[in-house]
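J.: Chain residues, written in single-letter form:
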Amino acid sequence: MTLLAVDWLLIIEKLVLIAIIVFASLGIALYTTFAERKVAAVLQDRPGPNRAGPFGLLQPFADGLKLIMKEEIIPTNSNKALFVLGPGLAMTAALMTCSVIPWSSHVEIFDRKVDLQIADINIGILYIFGVVSLGVYGMMIGGWASNNKFSLMAALRGASQAISYELAMGLSLIAVLMLSGSLSLKTIVDGQMAAGSYWNIVYQPLGFIIFFVCALAECNRTPFDLPEAENELNFGYHQEYSSMKLGFYLFSEYINMIMSSAVMASLYFGGFDVPFLDESTLAPNIAALIGVAALLTKIAIFIFVFMWIRWTVPRFRYDQLMNLGWKTMIPLALFNMLVTGALILLKAGV
Amino acid sequence: MQALTNRAQEVSRKPMTFMERLYIPGILKGMAITFSHIFKKQPTIRYPEQKREFSPVFRGLHVLNRDEEGRERCTACGLCAVACPAEAITMEAAEREVGQENLYREEKYAAKYEINMLRCIFCGLCEEACPKDAIYLSETFAPANFTRTGFIYGKDHLLIPNPVTEPEAYAAAKGQRN
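Chains as they are written, first to last, in numbering that gives the first Met the number 0: chain A, 0 to 349; chain B, 0 to 177.
Calculated from the structure, these hints are not laboratory results.
Some clues are possibly wrong.
In silico PhoX-like cross-links for lysine-lysine, where the CA-CA straight-line distance does not exceed 25 Å [to be verified]:
#, chain 1, residue 1, chain 2, residue 2
1, B, K28, B, K13
2, A, K37, A, K65
3, A, K37, B, K173
4, B, K50, B, K173
5, A, K326, B, K13
6, B, K39, B, K50
7, B, K107, B, K173
8, B, K39, A, K37
9, B, K40, A, K37
10, B, K107, A, K37
These numbers were taken from a predicted model, which means no experiment stands behind them.
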């Protein structure tokens, strides 16, 4: 019996995949907060959190419990609906990004081919950009609804910073798209995995640096954490937030970090590709597992670099940030785009 | 102007060169420095488990001493309170009754003896002023407390355990030094 000719197995498969990926990214984000503190500590000759559980491994749960137990405060003169909406929007936008990232090739369960990607849409990159831009609304709405001048200023800063750096990010991305000829992340990764081709970082070193710097700015990470400049803005756009609403904001930031690492790994570092290994010779299930491990390793390395930069480089001044974005990053990205286009045409022999 | 140390550097107001304006070399240099700190030894002392070694002349919490027979040495003469620059010590004297000879060494004793550990500067002048060798500074320091009154240490905190009845506790409180 077929029910309306819908492939129910496909829906179940996707729902399971969504559940796994959402909970996995939440779990990874939980431990990213722990890793952040440990990395900071190690870079500063300290032991870091080591009291909760062995090696402090239960620290993130203690932090989470503490956040949940805190009193929930909604300021009297705030716009209550928007105040509650802000953190939810930030979290949703952060989690939605993971749907188009190809986590690995495919596994075979009972002769059924299951793609380890929630949605292989042909505009994957555009989708990511759209969702990331939505993330700015979480910050904007939260900052505005707080009815606090510091929150509002921080939110404005965050929004203008995100808009400025999205431009350069998009321009550096166009060069990658010219190389791969597709907006689908799966196709981009497959193109890098194909025999005889190299990772995109080989063709696009400048593009990658631009993309990386812009990703730092998009994730509000140091040296571009202007929306959270404590010493100028008290605490930033989430100043009036408490309890788990604050937790959502902080958490969505870490999820953003993971997702931008995954995007960078997919675009420039071959996604789930293991260098010098021909995956087609392995059984598909084993190859898929190796692929997931490879992508997670790449993400972990990127996250470490993010943290390493955070605990090394001081914050940029606001005018420096804008100068860098508009006067350096965008011209460089345009230059990169033109050179890539010219080289592609030259190779094609036009 | 003469430099005070040999580490003084003249402030350079030159405009940044092209390489400096790229930021990247400078940032990479900084990142190399922070990365090298991963392999450095941590100076942290994990406090409740590990404790810092004190110098042999460390002046810690006060101890009211007893003699070999376990009698309190303090006669409440008040010299320590007079000597105390922080005015941390107060005491009330009392007369020894008949039958208390095994408790107090002389006819007068301190019925109440209090040191405010928040006032005390641990200078050790009380120890120097004491003619009866009744007070000295030990090797421990005052632990944290939730209230200010908790830092006012009375005789129940200060008095050393009786060497006759509790020799182990006495030795522990006495410390390594004397």
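J.: Indicate, hint by hint, whether the structure satisfies it.
T.: Comparing the hints with the structure gives:
Between K28(B) and K13(B), the direct Cα distance comes to roughly 21 Å. Compliance with the 25 Å bound is thereby established for this hinted pair. Our distance criterion of 25 Å between C-alpha atoms is met by K37(A) and K65(A), whose separation comes to about 19 Å. Taking the CA atoms of K37(A) and K173(B), the gap is near 41 Å; set against the 25 Å cutoff, the hint is violated. Simply put, K50(B) and K173(B) have alpha-carbon atoms about 18 Å apart, close enough for the 25 Å limit, and the pair holds.
About 22 Å separates the Cα atoms of K326(A) and K13(B), which keeps this hinted pair within 25 Å; it holds. About 21 Å separates the Cα atoms of K39(B) and K50(B), which keeps this hinted pair within 25 Å; it holds. A C-alpha spacing of about 24 Å is found between K107(B) and K173(B), which places the hinted pair at or below 25 Å, so the restraint holds. For the hint linking K39(B) to K37(A), the alpha-carbon distance of about 15 Å falls within 25 Å, and the restraint holds.
Taken as a hint, the K40(B) and K37(A) pair is honoured in the structure, with Cα atoms around 15 Å apart against an allowance of 25 Å. A C-alpha spacing of about 60 Å is found between K107(B) and K37(A), which places the hinted pair above 25 Å, so the restraint is violated.
Of the numbered hints given earlier, the model fails hints 3 and 10; all others are met.
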